[in-house]
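Protein sequence lines correspond, in order, to chains A and B. Quick note: the first sequence, position 73, residue 109 per this note's numbering, numbers continuous. Quick note: the second sequence, position 110, residue 146 per this note's numbering, numbers continuous.
A few of these clues could be false.
One copy or two, either will do: identical chains are not told apart, so a pair holds if it fits within one copy or between any two.
Below, simulated EDC-like cross-link-like pairs (lysine to aspartate or glutamate); rule was C-alpha separation at most 16 Å, straight line [to be verified]:
{"#": "1", "residue 1": "211", "residue 2": "249"}
{"#": "2", "residue 1": "47", "residue 2": "148"}
{"#": "3", "residue 1": "211", "residue 2": "244"}
{"#": "4", "residue 1": "178", "residue 2": "76"}
{"#": "5", "residue 1": "178", "residue 2": "75"}
{"#": "6", "residue 1": "178", "residue 2": "232"}
{"#": "7", "residue 1": "173", "residue 2": "222"}
Derived from the structure by calculation, the hints contain no laboratory data.
There are 2 protein chains.
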Amino acid sequence: MQDLQSNIAIKINPNVYKKDPLSSDLGAKILRQGCNLIDDLGFEKFTFKKLANHIESTEASVYRYFENKHNLLAYLTMWYWSWAEYKVLLNTLNIDCPKIRLQRAMKCLTEEVIEDAEFSQVNEVKLNQIVIRESSKVYLCKTVDSDNESGFFHVYKSLVQRIANIILEIRPTFKYPHMLISTVIEGARHQRFFSDHLPRLTDVIVGEDAVTDFYLQLVQRELGIED
Amino acid sequence: MQDLQSNIAIKINPNVYKKDPLSSDLGAKILRQGCNLIDDLGFEKFTFKKLANHIESTEASVYRYFENKHNLLAYLTMWYWSWAEYKVLLNTLNIDCPKIRLQRAMKCLTEEVIEDAEFSQVNEVKLNQIVIRESSKVYLCKTVDSDNESGFFHVYKSLVQRIANIILEIRPTFKYPHMLISTVIEGARHQRFFSDHLPRLTDVIVGEDAVTDFYLQLVQRELGIED
DNA sequence: GCAAATATAATAGTATTACTATCAATTAGA
DNA sequence: TCTAATTGATAGTAATACTATTATATTTGC
Numbered sequence: 037m038q039d040l041q042s043n044i045a046i047k048i049n050p051n052v053y054k055k056d057p058l059s060s061d062l063g064a065k066i067l068r069q070g071c072n073l074i075d076d077l078g079f080e081k082f083t084f085k086k087l088a089n090h091i092e093s094t095e096a097s098v099y100r101y102f103e104n105k106h107n108l109l110a111y112l113t114m115w116y117w118s119w120a121e122y123k124v125l126l127n128t129l130n131i132d133c134p135k136i137r138l139q140r141a142m143k144c145l146t147e148e149v150i151e152d153a154e155f156s157q158v159n160e161v162k163l164n165q166i167v168i169r170e171s172s173k174v175y176l177c178k179t180v181d182s183d184n185e186s187g188f189f190h191v192y193k194s195l196v197q198r199i200a201n202i203i204l205e206i207r208p209t210f211k212y213p214h215m216l217i218s219t220v221i222e223g224a225r226h227q228r229f230f231s232d233h234l235p236r237l238t239d240v241i242v243g244e245d246a247v248t249d250f251y252l253q254l255v256q257r258e259l260g261i262e263d
Numbered sequence: 037m038q039d040l041q042s043n044i045a046i047k048i049n050p051n052v053y054k055k056d057p058l059s060s061d062l063g064a065k066i067l068r069q070g071c072n073l074i075d076d077l078g079f080e081k082f083t084f085k086k087l088a089n090h091i092e093s094t095e096a097s098v099y100r101y102f103e104n105k106h107n108l109l110a111y112l113t114m115w116y117w118s119w120a121e122y123k124v125l126l127n128t129l130n131i132d133c134p135k136i137r138l139q140r141a142m143k144c145l146t147e148e149v150i151e152d153a154e155f156s157q158v159n160e161v162k163l164n165q166i167v168i169r170e171s172s173k174v175y176l177c178k179t180v181d182s183d184n185e186s187g188f189f190h191v192y193k194s195l196v197q198r199i200a201n202i203i204l205e206i207r208p209t210f211k212y213p214h215m216l217i218s219t220v221i222e223g224a225r226h227q228r229f230f231s232d233h234l235p236r237l238t239d240v241i242v243g244e245d246a247v248t249d250f251y252l253q254l255v256q257r258e259l260g261i262e263d
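Sequences are here, hints too, so could you generate the full structure?
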């Protein structure tokens, strides 16, 4: 993926920002250090004032880029899902067999993010942690319907649709492709959180990626695909 | 269940409150109206001041019962899972076949909550909505480890363990019983949220309980149980 | 190279949030 | 009825979540 770094840019729906954070140095700092601070403090304790101090700028300047911290989190989440979709795309391109495409897509979407591709302003490992811990707060809130109309969840939905299509290619009569995929995507992140904080809710196996193993198996059994 | 209403009380771990809200009228109001207000405003916009005004009391009085709104939400969530576990218990008692016990437990944990048993101070339908939308915020936060030590998640974990035991009865070598159950429990609630707000992430089928159907099937296929 | 446009910093200010503290009034229990 | 516990009333603080204004840089277009 290295050779694509400089040429590919992830485009984010402008509704989520007031001023494009990729259009300036300060904007880039807001993304990068915003990511760091949200990871450190947790979303609830994170404020634009703290971020501004941290990057030696001012609160007012940060507000010029994002209406509020909710939208900054939405931006980061949208970026993450675009990046994930791009990974899926790269890994399934030119592969004819839909079962293998599904398997590879599942792997992309459930495996741990360890290496830091530093694809752009954002540190993918930290962003992954944020997505695990904070991203559901973007939709689990009263503004979900208007945010949805603004397109905040478009990328996520299109990612789910993309995998659902592979499933339908394998089993055209399967009734619940979207449910299955969103269950797996959300579940994988929850299980990683559980294994760090509430291990009795999961099954941790040292030296094995239990999460990927479990969800891959689950999907294959649900669709009746032999291993 | 009616005849048990007056005799059975759900006991909540005292670490979550400063003063037992079931020990006074005001406490009961805090639970009941807190539930209503959180449902109306969403957890982020909900404040103790608004609650106090709503029940014609004062902020300071509310703070006498709960350290903060996070703990009130934790209380309500704990109550919900105790209630759910009790439902599971009632529905699986005296049934020998573990497959049927599993099926009944799954049904309890995935089906829609429509009828309002008014089991106590809390309106179960509203509480169910709150659990769907807000409850993951109790653990998706920086205090999760100390909250866990205080026992905030004990009931939830014991519920998961209970069902995991049924699974192990059916398939003693199954590697991921906790993962499977927590995936189903969390997933069922997410899917209900999706079908209300982000329907492209799920598969809504009118007149059918797709959620229960899907997760029951998923579990049975994962465990290789014939329908 | 200069004017115009744009971006940022500095400062100030407001309403609300998330509490804590104190004390008086009321109620309940023994 | 006396005492203790509960609640209400009031006050106060630091932080949050913004908005507005103005001055100062910096970039860009010509």
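Checked hints:
When the C-alpha separation of residue 211 and residue 249 is checked against a cutoff of 16 Å, the pair qualifies only between copies, where the shortest distance is 10 Å, while the shortest distance within a copy is 24 Å. In the homo-oligomer, the alpha carbons of residue 47 and residue 148 never lie at most 16 Å apart, since the shortest distance is 24 Å inside one protomer and 39 Å across protomers. For a Cα distance limit of 16 Å, the shortest separation of residue 211 from residue 244 across copies, 12 Å, qualifies, whereas the shortest one inside one copy, 32 Å, does not. In this assembly of identical chains, the alpha carbons of residue 178 and residue 76 lie at most 16 Å apart only when taken from different copies (9 Å versus 25 Å within one copy).
Only between protomers do residue 178 and residue 75 lie at most 16 Å apart by alpha-carbon distance; the minimum there is 10 Å, versus 23 Å within a single protomer. Taking the shortest alpha-carbon separations for residue 178 and residue 232, only the inter-copy value of 12 Å comes in at or below 16 Å, while the best intra-copy value is 29 Å. Taking CA atoms no more than 16 Å apart as the test, residue 173 paired with residue 222 passes in both settings, with 13 Å inside one copy and 15 Å between copies.
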